[in-house]
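Quick note on numbering: the working numbering labels position 178 of the sequence shown as 178, and the sequence is numbered without any gaps.
Among the hints, erroneous ones may be present.
Stated by the list, open to error - Under the rule of at most 30 Å between Cα atoms (straight-line distance), these lysine-lysine pairs were calculated in the DSS-like manner:
hint : residue 1 : residue 2
1    : K52       : K109
2    : K109      : K76
3    : K76       : K102
4    : K257      : K192
5    : K279      : K293
6    : K163      : K192
7    : K147      : K163
8    : K257      : K276
9    : K102      : K87
10   : K204      : K87
11   : K240      : K192
12   : K257      : K240
13   : K93       : K49
14   : K240      : K266
15   : K257      : K109
16   : K271      : K186
17   : K147      : K109
18   : K87       : K109
19   : K76       : K52
20   : K102      : K186
21   : K76       : K276
22   : K163      : K204
23   : K186      : K266
24   : K204      : K147
25   : K271      : K293
26   : K52       : K87
27   : K186      : K293
Stated by the list, open to error - For each label pair, taking beta carbons as the anchor points, the in silico distance ranges come out as:
hint : residue 1 : residue 2 : range
28   : E185      : G262      : 27 to 33 Å
29   : K147      : D183      : 40 to 46 Å
30   : D121      : Q272      : 29 to 35 Å
31   : G15       : G262      : 19 to 25 Å
Just so you know, these hints were derived from the structure itself, not from any lab.
In this text, a Cβ means the ideal position worked out from N, Cα and C, and glycines have one as well.
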Amino acid sequence: MIFNIQRYSTHDGDGIRTLIFFKGCPLRCQWCSNPESQSFAPSILYDQKSCKNFGDCIRATPEAISRSANNGLDIKRSLIRDPDKLKDLCVSKALRVSGESKSVDDLLKEVEKDLPFYRNDGGVTLSGGEPLAQGQELVHLLQALHKRRISTNIETSLHVRWKLIERCIGLVRTFLVDLKHIDPEKFRQYIKGDAALVMENLEKLDYFGAHVVVRIPVIPGFNHSEAEIRAMVDFVSTVKGIREIHFLPYHSFGVEKYRMLGMEYKFNSTKQTEDKELKPYIQYAESQGFKTKIGG
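Using the sequences plus the hints, can you model the full thing?
Below, the structure written as structure tokens:
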């Protein structure tokens, strides 16, 4: 299941790329900029500012949607059994469904629209959510892209079973690995995951000769300190095949989506990270022999 396809992107790999965003992630990063990507099922977003109160959504799912006291909608998302009833129903686009199933052929049709760009160092990047947590259709897509000689990157947290990663080796040009922290307690508290699993998978991926770029999201209150970033860089330096680290400054671009999803954004008062704040991290990583970059 995917929730977006973004064409003409110059991020997440070389050249002009098509980004395919898969839905579903095993982690729960509190600062996630795509909260609609977390669930493997379709998500319902509602923007009261755009609502015209036509009532079509209430008539379609009266068991789950009703009028609220402030002239908006009261949405009980857990009671929506068939999100397709709401898809493209709202004329004002105040309520929309994020997530749809697309076949490999459907995705290839989208990708092949930009073939001329891919021949000039561009390609496709699979993002999410967590692409590696998808089913066998992910492998079928990678095989089809490989057959067409379309360069493909995967953006991943590596927080999946090794066999889900291993099946993709040889079909992916670059694994863009988001390394969020190496402290097990902080990883568990802020992300609901296992830091050791990510670290072990990163070492295995390097052992099998995959091309890996590590990306460190710099998050105030989570890992934005010289001691923590240095420890992460030191760990990456033990993985001998990795030569490049990108630092991703924290931003709050996704905060509005939390409101539309009825979710709490726990980093609401956190200031965005300025590029200049990353200078000490850049300098340290480069002193350890890494090529560096700010952003994806």
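- Contradicted hints - numbers only: 1, 2, 10, 12, 14, 20, 21, 31
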